[in-house]
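S.K.: Listed below, chain by chain, are the residues.
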Amino acid sequence: MSDALLEVRGLQVGYGGIHAVKGIDFHVAPGELVALIGSNGAGKTTALKSLAGLIAPAAGHIHYDGKSLTKIPAHLRVSLGIALVPEGRGVFARLSVAENLLMGAYSRCDQYEIDEDLARMYTLFPRLVERRDQLSGTLSGGEQQMLAMARALMSRPRLLMLDEPSMGLAPLMVKKIFETIQQVASQGMSILLVEQNARLALQVATRGYVMEGGAITLSGVSSELLGSDAVQRAYLGG
Amino acid sequence: MEIFLQQIINGLVQGSVYALVALGYTMVYGILGLINFAHGEVVMVGAMLALSALTAMIGWGLSPLLALPLSLILAMAGCMLLGYGIERIAYRPLRHAPRLAPLITAIGVSIVLQNLAMMIWGREYHAFPQLIANQSHHIAGAIINDIQIIIIIMALVIMLALMAVVHRTRLGRAMRAVAENQHAAQLMGVDVNRVISVTFMLGSALAAIAGLMVSVNYGLAHYYMGFLLGLKAFTAAVLGGIGNLRGAMLGGLLLGLIESLGAGYIGDLTGGFMGSQYQDVFAFFVLIAVLVFRPSGLLGERLAERA
Ligand SMILES: Nc1ncnc2c1ncn2[C@@H]1O[C@H](COP(=O)(O)OP(=O)(O)OP(=O)(O)O)[C@@H](O)[C@H]1O
Ligand SMILES: [Mg+2]
Numbered sequence: 001m002s003d004a005l006l007e008v009r010g011l012q013v014g015y016g017g018i019h020a021v022k023g024i025d026f027h028v029a030p031g032e033l034v035a036l037i038g039s040n041g042a043g044k045t046t047a048l049k050s051l052a053g054l055i056a057p058a059a060g061h062i063h064y065d066g067k068s069l070t071k072i073p074a075h076l077r078v079s080l081g082i083a084l085v086p087e088g089r090g091v092f093a094r095l096s097v098a099e100n101l102l103m104g105a106y107s108r109c110d111q112y113e114i115d116e117d118l119a120r121m122y123t124l125f126p127r128l129v130e131r132r133d134q135l136s137g138t139l140s141g142g143e144q145q146m147l148a149m150a151r152a153l154m155s156r157p158r159l160l161m162l163d164e165p166s167m168g169l170a171p172l173m174v175k176k177i178f179e180t181i182q183q184v185a186s187q188g189m190s191i192l193l194v195e196q197n198a199r200l201a202l203q204v205a206t207r208g209y210v211m212e213g214g215a216i217t218l219s220g221v222s223s224e225l226l227g228s229d230a231v232q233r234a235y236l237g238g
Numbered sequence: 001m002e003i004f005l006q007q008i009i010n011g012l013v014q015g016s017v018y019a020l021v022a023l024g025y026t027m028v029y030g031i032l033g034l035i036n037f038a039h040g041e042v043v044m045v046g047a048m049l050a051l052s053a054l055t056a057m058i059g060w061g062l063s064p065l066l067a068l069p070l071s072l073i074l075a076m077a078g079c080m081l082l083g084y085g086i087e088r089i090a091y092r093p094l095r096h097a098p099r100l101a102p103l104i105t106a107i108g109v110s111i112v113l114q115n116l117a118m119m120i121w122g123r124e125y126h127a128f129p130q131l132i133a134n135q136s137h138h139i140a141g142a143i144i145n146d147i148q149i150i151i152i153i154m155a156l157v158i159m160l161a162l163m164a165v166v167h168r169t170r171l172g173r174a175m176r177a178v179a180e181n182q183h184a185a186q187l188m189g190v191d192v193n194r195v196i197s198v199t200f201m202l203g204s205a206l207a208a209i210a211g212l213m214v215s216v217n218y219g220l221a222h223y224y225m226g227f228l229l230g231l232k233a234f235t236a237a238v239l240g241g242i243g244n245l246r247g248a249m250l251g252g253l254l255l256g257l258i259e260s261l262g263a264g265y266i267g268d269l270t271g272g273f274m275g276s277q278y279q280d281v282f283a284f285f286v287l288i289a290v291l292v293f294r295p296s297g298l299l300g301e302r303l304a305e306r307a
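So the sequences go chain by chain: F and C.
Everything in the first sequence is counted per this note's numbering, starting at 1 for the first residue and increasing by one.
Everything in the second sequence is counted per this note's numbering, starting at 1 for the first residue and increasing by one.
There could be a bad hint or two in this list.
[As the list claims (entries may be wrong)] From the structure, some residues in chain C lie toward chain F, with a derived Cβ separation under 7 Å:
| # | residue |
| --- | --- |
| 1 | Leu-160 |
| 2 | Ala-161 |
| 3 | Gln-186 |
| 4 | Asp-191 |
| 5 | Asn-193 |
Source of the hints: derived by calculation from the structure; they are not laboratory data.
For each residue, glycine too, the CB sits at the ideal point set by N, CA and C.
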């Protein structure tokens, strides 16, 4: 396990008096797609935010690529290869699609390769091409989700964290987004996927963790979790 | 007709200055949602620094044509440092405090700066040395002089350059991203504090330029000059829609025109009862009217929503 890309031990995060994450352990190995599932208010978003550096943990260790992240501010974690597609997408509505993508490459300075990656994103998400000069706020929810993912990929992450990419999207769009996630994963990127849609998440993930009330209550290989009675009852409606 | 044209010229000159100062208010507001009421004092410090530098350099026998741009650069550098310091010391610790706290701090900073300036430069009006032969030109009965022409052109060039920075560069993109969503900007690798500092410094550099323009134009500088000028430029920013760069420029020019046309005709309008000394009243009429009838200003869409 010491060769994990991301290794989290005893992570606790709170807001003032509220303990949102109460000491969780998990890891993501290189090239692995790991799902973190749980119902509303379980603490999933809070955990991701602390991994990205947006909230300081109250206790615990976060090791990434063998190094402690604790003292590294959020804006420097990007260049280490950590990218978060936040809940609600966080697209810059008043920047154009192309400008949003360039923001994704903000911490890079290899102009030539940035241009190449831009072209790759437009192939991966063809819907963004014809909208590249449009203000991002005018995109549909699904298009914004694509943009948010493409923008995160523009930083060339090694660990991509996605917070509820299916939220608020029509089934067809959800399907597309998840196909893209699988496609990206198949190219060897490590992915930590937070979802309320447990079935969908576990179908694409290799392993999963179930979070409840700020703690991890179950973990295992996806197929086992999908079959387990507890997950069936709580998240899969039967 | 001559009066009209003359007032338009005067209005454009004054409006250019308002626009430059209004940009400083609006940039900071756009990024932090904060009204930096100390900004007017930065204009004053810019004027005073330029005056001191200029006097010294002329004393050393430097040619005015060299001394003027050099002292402008010095004043800009000084004001950038000041703007950086104001944000660092007075506003950053209050970043997450209720909105009233930084507002009161801003007023405190203004008072401190005014008093410091009074201690350094004294209470008296300083005559700004007249350095270049300021030729007057007649157009259709109105008069415009070299200094006024330079002010208008310089302001225009600077505003175009600023727009280019904000809309065409990596830094400008980062500024707009931070204005919209600081967390998301951080996730892109943007050092939000650095961008905020740069924004204050840019605004302060513009303030220094405006300060020099006013004092060269009127031939005067004074430790108290930033107060009214700041308030009017703030009015201009609100008129155009605070947080909106184009709005600040439009608001500045409009306010300059309204003031100068108002001052030109107020005597006629009131049958000689009120004279042009009531000029200052117009700015505040405008402020009240905007706040009552169009609080978001002329070009103000609602700013990007932020949590
Ligand atoms: N900014 C905040 N201030 C105070 N409490 C918060 C804040 N954000 C989240 N919380 C609380 O922390 C707990 C965990 O919230 P979090 O958003 O991490 O849950 P989640 O698992 O992502 O839920 P969801 O699936 O609904 O997105 C909740 O009880 C929530 O009310
Ligand atoms: Mg959440």
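S.K.: Hints numbered earlier in the text: which of these fail when held up against the supplied structure?
M.R.: 1, 2, 5
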